[in-house]
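Asker: What follows is each chain in one-letter form.
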Amino acid sequence: MALAALKTQLKNFVQSMFDEGVLDSQFSQIQALQDASNPNFVEEVITLFCNDAERIITELNKYLGYQNVDFGKLDSYVHQLKGSSSSIGAHRLKLACVNLRQASDDRSKDGCLRALNSITREYCLLCSKFQTLIQLERNIIALERNH
Amino acid sequence: MATPLRKMFDRISGFASSWGRKTAPRGRRIFHRDVEQEEFQYSSTRCLSSYYSVFVARLAIMVMLAILIGLLTILTWHFTRVYTTKSLNTLAYGLRYELLQRPILRMWNILNSTSEITTAQVKLSEYVIRRYSKPTNQAEQVELYQMMKDITWALFASRKALNAITINYKNGFVQAFHRDHRSNNTFYIYSDLANYSISSSESYGNKMLESQQGWNDQFIRGNVSAIWYREPLDPVTGEKIGKAMQIPPDDLINIAGPSQVPDGVASWHVAVSKFTDSPLLSAALPVWDASNTSIVAVVGVTTALYSVGQLMKELVEVHSGYIYLTSQEGYLLATSTNAPLLNNTAKGPKLMMAVNSEDRVIRMGAQWLQNAYGNNLPPGHVVHVEKANLGGQHFYIDSFFLNLKRLPMVGVIIIPRKYIMGKVDERALKTLVILISASVCILVIGCVCILILTNGVSKEMKLRAELISHLDARRRAEASSNYKSQFLANMSHELRTPMAAVIGLLDILICDDCLTNEQYAMVTQIRKCSTALLRLLNNILDLSKVESGKLVLEESEFDLGRELEGLVDMFSVQCINHNVETVLDLSDDIPKLVRGDSARVVQVFANLISNSIKFTTSGHIILRGWCENPNVSSDSVKFSPDHKKPLYALRAKLKNHGNHMKKASKRDNKMILWFEVDDTGCGIDPSKWESVFESFEQADPSTTRTHGGTGLGLCIVRTLVNKMGGEIKVVRKNGPGTLMRLFLLLSTPPDGTEQHGQMEFAKHSVAVILALHGSMGRLIMSRWLSRNGVPTLEASEWNELTQILHELFHARTRNSGFETHYSLGEPLRSKVHSIQDMRNPVYIIVVDLGLLDLSTDIWKEQLNFLDKFSGQVKFAWMLNHDTSNSIKMELRRKGHILMVNKPLYKAKMLHILEAVLKERYGELHKRSPNGTKGAPKEGDSHECLEIDSTQFETCSSDDSDISEIGGSGTDSVSSAHTGDQPRVLTVKSGASNCQTLKNCLVELTNLDSEVDNLRADEDQCNGRPKGNDSEISNSPEQTSISSSTKEREKSFTSKAANGQKSLEGLRILLAEDTPVLQRVATIMLEKMGATVIAVGDGLQAVDALNCVLGEEEDRPQTEICDSPPYDLILMDCQMPKMDGYEATKAIRKSEEATGWHIPIVALTAHAMSSDEAKCLEVGMDAYLTKPIDYKLMVSTILSLTKTSSP
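These protein sequences, in sequence, are chains A and B. In terms of the numbering used here, the first sequence opens at residue 1 and continues consecutively. In terms of the numbering used here, the second sequence opens at residue 1 and continues consecutively.
With the rest of the complex left out, here is chain A (with noise of 0.2 Å):
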């Protein structure tokens, strides 16, 4: 019974997280992924995704510091976090990626600056729907593990 609301309410957070488009559908394929081989995927991901993303942040970061900004870099950087994100599914961080790129095609450091900011702020609401979501997941994992 534990298992089912857990599960209900996990279901329900993520549809929640679709509502709000902080995800999209390419989530919920990460999630059909996960099964009994490999129970602990959707973490893995997540756990694998916020590490890159925070990784990239900090570099977005010290490359934007700079006086002369190396926009070839800053895009490359940007275009692997938009390939992490949008291959998570995390839809508004995606956007945010490529707001950026987009800034960073105008070579203007003022709207990359933005840009970023409006990344950092995604993904640390992002960072924290997962923890949830994480949280919720092993709560369920634990429960099955004792089933």
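None of these hints come from the bench; they were simulated from the model. Worth double-checking, as some hints may not be accurate.
For the chain A half of the interface with chain B, some residues (derived, Cβ under 7 Å), not all of them [claimed, not checked]:
1. Ser28
2. Ile30
3. Leu33
4. Ala36
5. Phe41
6. Leu48
7. Asp52
8. Thr58
So the derived list for chain A, only partly shown, Cβ under 8 Å to chain B, looks like this [what the hints assert, rightly or not]:
9. Leu3
10. Asn12
11. Ser25
12. Gln29
13. Gln31
14. Asn38
15. Asn40
16. Glu44
17. Val45
18. Phe49
19. Ser76
20. Gln80
The beta-carbon is built from N, C-alpha and C at its ideal position, and this holds for glycine as well.
Place chain B on chain A using the hints.
Answerer: Structure of chain B alone, referenced to chain A:
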């Protein structure tokens, strides 16, 4: 002068440099494409500054001109004036000098003469006195005096100018002659002789010697008591003419006494007399006695200076001006005026100082001199002043010094400047005025000229500025248009993703089995709408891609006829509801295979036909096509004149392209393919014939309301046609409707030119009866058949068909009773007879199912009726797409196996004919339900038909419905794996960007069990049986066309059950740098049973491959070709160290040695077709976009692995 000049120069040089600066970047900017906003502003300010610079330039030139002219004027004036003045001054100086010199000379003369007279008088007196020295008596004394008087008179008379001669003897006796110039009287004045004695005189003389001063005073006083007489004389003869009158001494004239010769030498002085108003010059000279020791008498001569004044007056009269002479002390001696020279005082007249002269000018001149020099006159008293301001007038003042001993004199001449320089000054003024006015005129004219001249320049500048602004505006417009295209491209990409999701979700929903029928209908409706929306997006994307120049046409071989047939098949389905007939009329000379972008060609015709359908409510739509080889000029003969014109234009164009084009056309065998889309719709107003090809343009605004649409279709068509080297236009046609004519320049592959083997139908003696509804299609078909030597009969309705049948067969069976009932038209009958004449003909009756009365059960009877002829004729049935299963079953049951879907066109007819002929001549006549293997030929022929149809279905929906196809593609692929033996896997890569394998078409084998399973699944999940399925069940050896449409809707459950491990056994190398994606992809692939080796970048991928290769090379040669280390590589395009493109190149290079071809699938987030092109260019086989679509990835991988290892 230098500073303003330099300033001017600076300004001009600044202007020139600003000009230079201005022009140089403009040229650069023209070629500069990326224009920023700032630059616009920059250039606009430039523009403004150019106006200023023109203004400044004009001003500068004008100022320069003004200065030049001013200088010229001043110089001219200066030179003329200075030289004139100088020469005049020199002349004037001479004149002045001359003028002054003359009175002085006169003066000098007077002085000379006076002194001469005096000297003469003295000498004579000395002589006389010596002779009468020591007069002893009174008589002698008187004689002496008489003698003296005579001598003196002689002298006096000889000199008219003399005023007086006086002789003052030692003893006080005075003799004098006096001439009064005013009254012109001459007097002799003498003192009373009685008062003087010689003795006393002697003693007096001695006394005088001792103290002369004392003598003199004494003498004067002594004479007070003397009595003086004056007697008038005849001025000429000297005769006494009157009585002597007694006069007071010294009253009349100055008698020069011894006092005036104090040192015994001659003396001069100026005297004043009572009787003359002019000063007198008197000279005194002593007369010495014989021993030269004592003075016996003093002779005085007085001359009036009046004559000098006279001369001066004369001179002045001629030359004007004023002259005066003064003594050194400043007393006036003579003037050129009439002003008195003497001052009458109480003591008698006195000399007047020049400064006190009554003449204004002289007074002022003297005062001026005094003021200027005071008493310190320059040495020699020589003064030349040219501009002395005397009472408001300018004068020349010159003075000369005449240094006479004892009587130094100064002459001054004052000449009004006006006299000498008056004219000059006046002229100078006039010249100045004229010069100034002339220069002003020149200046004004010059300025006007400059204005006129620079006006052209400034106009040009303005034009240039305008041009620049226009260029800017154009560039801005282009930029914004670019932005727009970019935006559209981006947006449509962004929009397509959610749309794909929506459609995918709808697919899932449709497959869901818990939907009610209503929900199902609604969801289907939603899906249709989504598809339509996606189509619109695709259109926009196409357009923007074409506009932004990103559209790259593919070059691949394709079967043009087949594509078009598929298209017509598809649209005919739509048309049937509209009661519109769709006809395909391709001429036989159209090459089977052409090179080009099939998707785009099909899109062109799809757009055109759908457009026609939209506006055609009844009638027909004909797609005609014929071919023309531009290399063969004789071909053009068969075209009507209005065909020729574009052809010539085209030829000219081709010629212009030159050798390159010729070579290309030789190699590729370029062909001009002409097409017409002819409909009987509402038509287009001729005025809109051009504009309908503009974007968002429709012939009639109301059409949007009635027919919908965005007006993009024709625009896309035209851009595509132009891109393919063709043209499209609307052509006038007879009757209602629209006729669009276009030509495409497509190349045919060298081996594809030969015509596919036409069957020699004529020799098979085939006859065809076309019993079809659509008159146009029937007509065209019958024409084509008769061209190929196949006699045809036409019937448009059931009764006609029965008539023909009766005519044909009952007549032959000599059952002529029918003939009375059935009356055929005469031409038809003759045709029938001609057919009857054929020897052992094969009759093929193509019957439209629509000819049967399907509304009631009559059709069964009609079938039975036709069955009667089944022995003699072959029936081919034209089915509608919605023909119900029961009818098909019935037909099959009766042995009518030849069934094709409408519409009928050449290829289908060919197949019918071939099938019939093969059946006739074929070895096999028996037909078993599972006889495919036993009767391969027949099966093939049937299958061929159906395969075609299948292909058409998929191809036709190709571009207009990408996502649908994508879905169907994937589904069919996966469904292929539900079956065990995928027989043919056709992978077609379309040009559309996102979907690489949109035409994954899998044809299932016709294994009964599989199909049954499948159908069962479908029936189960859909809950509604489809007519086509029963067809399959009835003739299981034929895989139905429509089954593919069913496969699209195949349930997920079946796929999930069967497709789970679809990649079992595949080894996949995944090169992906993003950990998340790497992980996700790995899990995805592993879930499907694939073995995944993940690497972080391109370099590692290459290494991973090489390392395996290296291992393999160690093995014996025979094993190398065993199998490649990986079945497939998934390659991210953007990776650190080595990106996907480089890695692919490296892998392909290393593969060369082994002969393998490991499929490489690109993974990229860039979703434009140019990226795809790039991927394919470097040697990748397919192309997937991020985020990875599960289904698409599986289908792609499968298609690649299966084709590579069939």
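Asker: Now, for every hint given, state plainly whether the structure supports it.
Answerer: Comparing the hints with the structure gives:
no.	hint	in the structure
1	Ser28	10 Å, violated
2	Ile30	6 Å, holds
3	Leu33	5 Å, holds
4	Ala36	12 Å, violated
5	Phe41	6 Å, holds
6	Leu48	5 Å, holds
7	Asp52	5 Å, holds
8	Thr58	15 Å, violated
9	Leu3	23 Å, violated
10	Asn12	19 Å, violated
11	Ser25	5 Å, holds
12	Gln29	6 Å, holds
13	Gln31	11 Å, violated
14	Asn38	7 Å, holds
15	Asn40	11 Å, violated
16	Glu44	7 Å, holds
17	Val45	5 Å, holds
18	Phe49	4 Å, holds
19	Ser76	7 Å, holds
20	Gln80	6 Å, holds
Violated hints, in rising order: 1, 4, 8, 9, 10, 13, 15; the structure is consistent with all others.
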